[in-house]
Structures are given as structure tokens and as C-alpha cells.
Amino acid sequence: MERHIDEELQELKEKLLMMASLTEKNISLSIQCFKEHKEEIVQDVYKKEETINFLDIEIDQICMKLLALHQPMAVDLRYIASSLKISSELERIADQAVNIIDRSLVFINSHPQKPLIDISRMASLAQSMLKDSIESFIKKDVDLAQNVCRRDDEVDEMNDQIFRVLLTCMMQEPTSIKRAVDLMLIGRHLERIADHSTNISEEVIYYVKGKSIKHHCAD
Amino acid sequence: MKNQAKIEARNVNFYYGSQIALKNINIACEENKVTALIGPSGCGKSTFIRTLNRMNDVIPGIKIEGDILLEGENIYHPKVDIAVLRKRVGMVFQKPNPFPKSIFNNIAYGLRINGMRDKRKIEMIVEKSLKEATLWDEIKDRMDENAFSLSGGQQQRLCIARSLAIKPEVILFDEPCSAIDPVATAKIEELIHQLKEHYTVIVVTHNMQQAARISDFTAFMMLGEIVEYDKTDKIFTNPSNTLTEDYITGRFG
Chain A
1 MERHIDEELQ ELKEKLLMMA SLTEKNISLS IQCFKEHKEE IVQDVYKKEE TINFLDIEID
61 QICMKLLALH QPMAVDLRYI ASSLKISSEL ERIADQAVNI IDRSLVFINS HPQKPLIDIS
121 RMASLAQSML KDSIESFIKK DVDLAQNVCR RDDEVDEMND QIFRVLLTCM MQEPTSIKRA
181 VDLMLIGRHL ERIADHSTNI SEEVIYYVKG KSIKHHCAD
Chain B
1001 MKNQAKIEAR NVNFYYGSQI ALKNINIACE ENKVTALIGP SGCGKSTFIR TLNRMNDVIP
1061 GIKIEGDILL EGENIYHPKV DIAVLRKRVG MVFQKPNPFP KSIFNNIAYG LRINGMRDKR
1121 KIEMIVEKSL KEATLWDEIK DRMDENAFSL SGGQQQRLCI ARSLAIKPEV ILFDEPCSAI
1181 DPVATAKIEE LIHQLKEHYT VIVVTHNMQQ AARISDFTAF MMLGEIVEYD KTDKIFTNPS
1241 NTLTEDYITG RFG
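From first to last, the protein sequence lines are chains A and B.
Residue numbers for the first sequence follow my numbering, so the first one is 1 and each next one is one higher.
Residue numbers for the second sequence follow my numbering, so the first one is 1001 and each next one is one higher.
These are calculated hints, taken from the structure and not from any lab test.
Predicted model, so just to flag it, every value in this text is computed and none were measured.
Fair warning: there could be bad hints in the mix.
Unchecked claim - In the SDA-like style, the derived pairs of lysine to any residue whose C-alpha atoms are separated by at most 20 angstroms in a straight line are:
#	chain 1	residue 1	chain 2	residue 2
1	A	Lys-211	B	Asp-1246
2	A	Lys-25	A	His-37
3	A	Lys-211	B	Asp-1233
4	B	Lys-1231	A	Gln-71
5	A	Lys-209	B	Glu-1245
6	B	Lys-1231	A	Arg-78
7	B	Lys-1234	A	Ala-81
8	B	Lys-1234	A	Ser-212
9	A	Lys-211	B	Asp-1230
10	A	Lys-209	B	Thr-1237
11	A	Lys-211	B	Asn-1241
12	A	Lys-209	B	Asn-1241
13	B	Lys-1033	B	Asp-1216
14	A	Lys-211	B	Glu-1245
15	A	Lys-214	B	Lys-1234
16	A	Lys-47	A	Ile-57
17	A	Lys-140	B	Ser-1240
18	B	Lys-1234	A	Val-208
19	A	Lys-209	B	Tyr-1229
20	A	Lys-211	B	Lys-1231
21	A	Lys-140	B	Asn-1241
Claimed, not checked - The following label-pair restraints were derived from C-beta to C-beta distances:
#	chain 1	residue 1	chain 2	residue 2	range
22	B	Asn-1026	A	Glu-11	36 to 44 angstroms
23	A	Glu-157	B	Asn-1011	55 to 63 angstroms
24	B	His-1193	A	Lys-65	23 to 31 angstroms
The beta carbon of each residue, even a glycine, is placed where N, CA and C say it ideally should be.
With these hints in hand, go ahead and build the complete structure from the sequences.
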């Protein structure tokens, strides 16, 4: 039976997907800016960030309205609660894109150094986690969501590794400290993107199965 | 003993003539908890709740199989005194049904027919019951007025006070709020929540949000069967059965 609430749930889904797609785009642009030193991307990222923030507010409003007017239950309730959290995770991921952009401006017109390669790999992994977490939401794919959660450790390890390499660089060549710190922070931003993507995947599992796996409380 | 089955149905089938209305009902309602029965119209909720104090006995042609156990004793045993049973298992109906008497006598009546003669004691119990039903403050100066002068919600709380006066162990509510306004409904819901401290409460309701608000356990019934019975928070956040899910999310019903 088609329900009155279904139309509004569909609207909520469309807004979330729009927000997710803009967030993915901004992450990819920010990484492109970092790798290719393209200043013209910056304004585009800022502009999309504004739209993402606006969508975050809009999604909050739709969810509050749905909760107040429809008193949703079971899967509907879980879907709305998860949407609220996912939109907030996306908004924070989008903030990281802006952080990366701001940090990358430092590197424009400067020479790359070795850890850039590792950061590139880490960026690809974080991006794939974000992409898959969103896909798991669209397809209600619990296996894919679980796969995203597993990949988080890999990103954490990469971040630790980058930290160690940069620390060595700083000790060997004190003039590189400024650049190394910026790179460390970019590593940290990517690691946060992976964390938020993991949170999104955990929300997807809760929405589909009604089971919370947050903080490793699978049972 | 707390948290034990106060009243329990075991393999209960119920027939109106040749038509089966309840099929193999098994449910154990815990002491000092609120159990809600939900389900579409005609699913057997009211029929079931009425089996718990033998209210169906007056209907001609009915047949019941299985056991209803009140503290382990079958209430359908031939030696059970129905008057005693109904004193132990009280009932509040959909529409408030006060007696055409004064507010005071609505409550005192049950005490008198149960043999109480001490006027002072009767007054004390009337006051206590009305306080327990959160009605005392509103009507303490109007005790001699006819009960029909009260509002619908007040009449319903008077009926609750009337059933509390004879100290039941279990109180059955058959859609207690369907005939009253939202403010009065909120008061009754609050009252039901308080009552579970001393009584075991079973509520039939059409209003799912009401079941979610007031009950500890919820049974979802359909076509005379219990589809799912679980803790209320489980039923309304993550039901195990897709039929329950479809019903509570309004996909049918």
C-alpha cells in the first residue's frame, strides 16, 4: 500500500543522495587540488560546501517534521534516525574537504615530496570508503557496509605510517617542519573522512538490520 | 513475586458458535507491567481480553479451549467463583459507564455489595480510590452530584476508581481512551503508567502510539492469532515479524 509518508521519505532520500554526491565531489576536488595544485578548484569547493550545509539543515527539518507528524515506527523510525545521523556525518566529511583545500593552498607552487605518494593512496582508500558507504545506504547492502567498517583500520595504519615518515623528515631537515606538519594534518583529515564513512556504514547496518554495531557492540 | 506471569493464556482457542475467533493463543503477562494488545479491527483483541475475566461467558454459543491461568490457577475451572474472579480481575470499558448514582455511591456501591458496612471505612476507600485514579482533587467537593455531570474523561477515571476500590490484582482496559479527548487521554495514560506499580495492567488499544507510550510489552494480533509478542521498545523499533512491521508502519490495516 502506497502511504502518504512514503512521498516524504522519498524526498528525504533524494536530499540525502544529493548531499552525498556533492560531498563525494568536494572530497575528490580537494584531493585533486592537493595533488595537481590547481587554485581554480578552490572557489568551486567553497560553493558546494555552502549547498551541503544548506542541505544538512533541510534534512534536519524534514526529519523533525516526519517524526512530529507521522510518529514513524520500526524501519521508518530507524530510517529517519539514521538519515539524521548520516547527514550530520556527511556535513563533517564536507568540512574535511574544505580543510584539505585550505591546507593544500600551502603546497601550490611548491615541490612535492615523498609522503605525497602515501597520502595519495590514503586519499583513494578514504574516497572509496565514502563512496561505498553511500552505495551501501542506497542498496541497503549490509555486506558492503561491513566491508567499509573493516577498511577503517587500514586507513588508520596508513596515517600512522605517514606520521612516522614525516617525523623522520622533520628530524633530518628542520626546514621541512612547516610542510611536514601540513602534510600530517592532511593525513589526519583523510583519516577523519574514513572514520565518518565508517559511521555512515554503521548507521546503514542499524537502519537495515535494527542492530547497532557501533563501538564494536555487535552482540 | 515480581516480574512473574500474573495471568497467562495457554493454547487458548475461542469460538463464537462454529466460527473460530482466537487460535492457539499463548501469552504470559508479567506482574506489575503494562501489556498492550494491538491489531486490526476484528483480530480478536477484545475477545481475548474478555476471556481473562470471563466476560464472554454471557454470550450464547461460545466455546473456549485451553487454559487461562491467574497465578497458576485455571479461571475456567468449574469451582471458580466468577464474582471472586471479577473482583480480582477488574475491567474498564471503551465508553465510560458510571452508574446513574452520585459520584460517591458509584464507588461505594461495589464495596457495599461486597459486604462492607462500616461507613467510615467506605469513605476512606472512596477517597483513596479517587486519589489513586487522580480524580480526587477535581471532584472532592462534588461527591453528591450525579456521576453523569462529570466530563467524559472524568467519568472514565471514575470508572477506574470504581474498579480500584475493590482492590483488583489485574485491571483490563478495553480501549479506555477511544471515547475521550486528547487531554483526558493523556491523563488516563499517565494514570495507567502509575497503576502498574500496584497492579498488573492489560490494555487493548487501536492507537499504536498509545501502546508505545504506556506499555512494557506489546502483543500484535491478527486474524485471531498472536503474531508477535515482545518488549514494547523492540516491537516499535525493530519487530521480528514482517507482518508486525507492515502493520505498525501503516502498510496495511
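Checked hints:
1. Lys-211(A) / Asp-1246(B): OK: Lys-211(A) and Asp-1246(B) at ~19 angstroms, within 20 angstroms.
2. Lys-25(A) / His-37(A): Given pair Lys-25(A), His-37(A) holds - Cα atoms ~17 angstroms apart, limit 20 angstroms.
3. Lys-211(A) / Asp-1233(B): holds (13 angstroms)
4. Lys-1231(B) / Gln-71(A): holds (19 angstroms)
5. Lys-209(A) / Glu-1245(B): Within the cut-off at roughly 13 angstroms; holds.
6. Lys-1231(B) / Arg-78(A): Holds, at about 17 angstroms.
7. Lys-1234(B) / Ala-81(A): holds (16 angstroms)
8. Lys-1234(B) / Ser-212(A): Roughly 13 angstroms separates the two Cα atoms, so the pair holds.
9. Lys-211(A) / Asp-1230(B): holds (16 angstroms)
10. Lys-209(A) / Thr-1237(B): At roughly 11 angstroms apart (the allowed maximum being 20 angstroms), Thr-1237(B) and Lys-209(A) satisfy the hint.
11. Lys-211(A) / Asn-1241(B): This hinted pair holds, its Cα atoms lying about 15 angstroms apart.
12. Lys-209(A) / Asn-1241(B): holds (12 angstroms)
13. Lys-1033(B) / Asp-1216(B): Measuring from Cα to Cα gives roughly 6 angstroms; hence the hint holds.
14. Lys-211(A) / Glu-1245(B): holds (15 angstroms)
15. Lys-214(A) / Lys-1234(B): Between Lys-214(A) and Lys-1234(B) the Cα gap is close to 18 angstroms, so the pair holds against 20 angstroms.
16. Lys-47(A) / Ile-57(A): holds (16 angstroms)
17. Lys-140(A) / Ser-1240(B): holds (18 angstroms)
18. Lys-1234(B) / Val-208(A): The given pair, whose Cα atoms are some 15 angstroms apart, holds under the 20 angstroms limit.
19. Lys-209(A) / Tyr-1229(B): The given pair, whose Cα atoms are some 19 angstroms apart, holds under the 20 angstroms limit.
20. Lys-211(A) / Lys-1231(B): With Cα atoms ~16 angstroms apart, Lys-211(A) and Lys-1231(B) stay inside 20 angstroms; holds.
21. Lys-140(A) / Asn-1241(B): Given pair Lys-140(A), Asn-1241(B) holds - Cα atoms ~19 angstroms apart, limit 20 angstroms.
22. Asn-1026(B) / Glu-11(A): 36 to 44 angstroms: Holds - the Cβ-Cβ distance for Asn-1026(B) and Glu-11(A), about 43 angstroms, lies within 36 to 44 angstroms.
23. Glu-157(A) / Asn-1011(B): 55 to 63 angstroms: holds (59 angstroms)
24. His-1193(B) / Lys-65(A): 23 to 31 angstroms: Taking Cβ atoms as reference, His-1193(B) and Lys-65(A) lie about 28 angstroms apart, which means the hint holds.
In the structure shown, no violation is registered for any of the earlier numbered hints.
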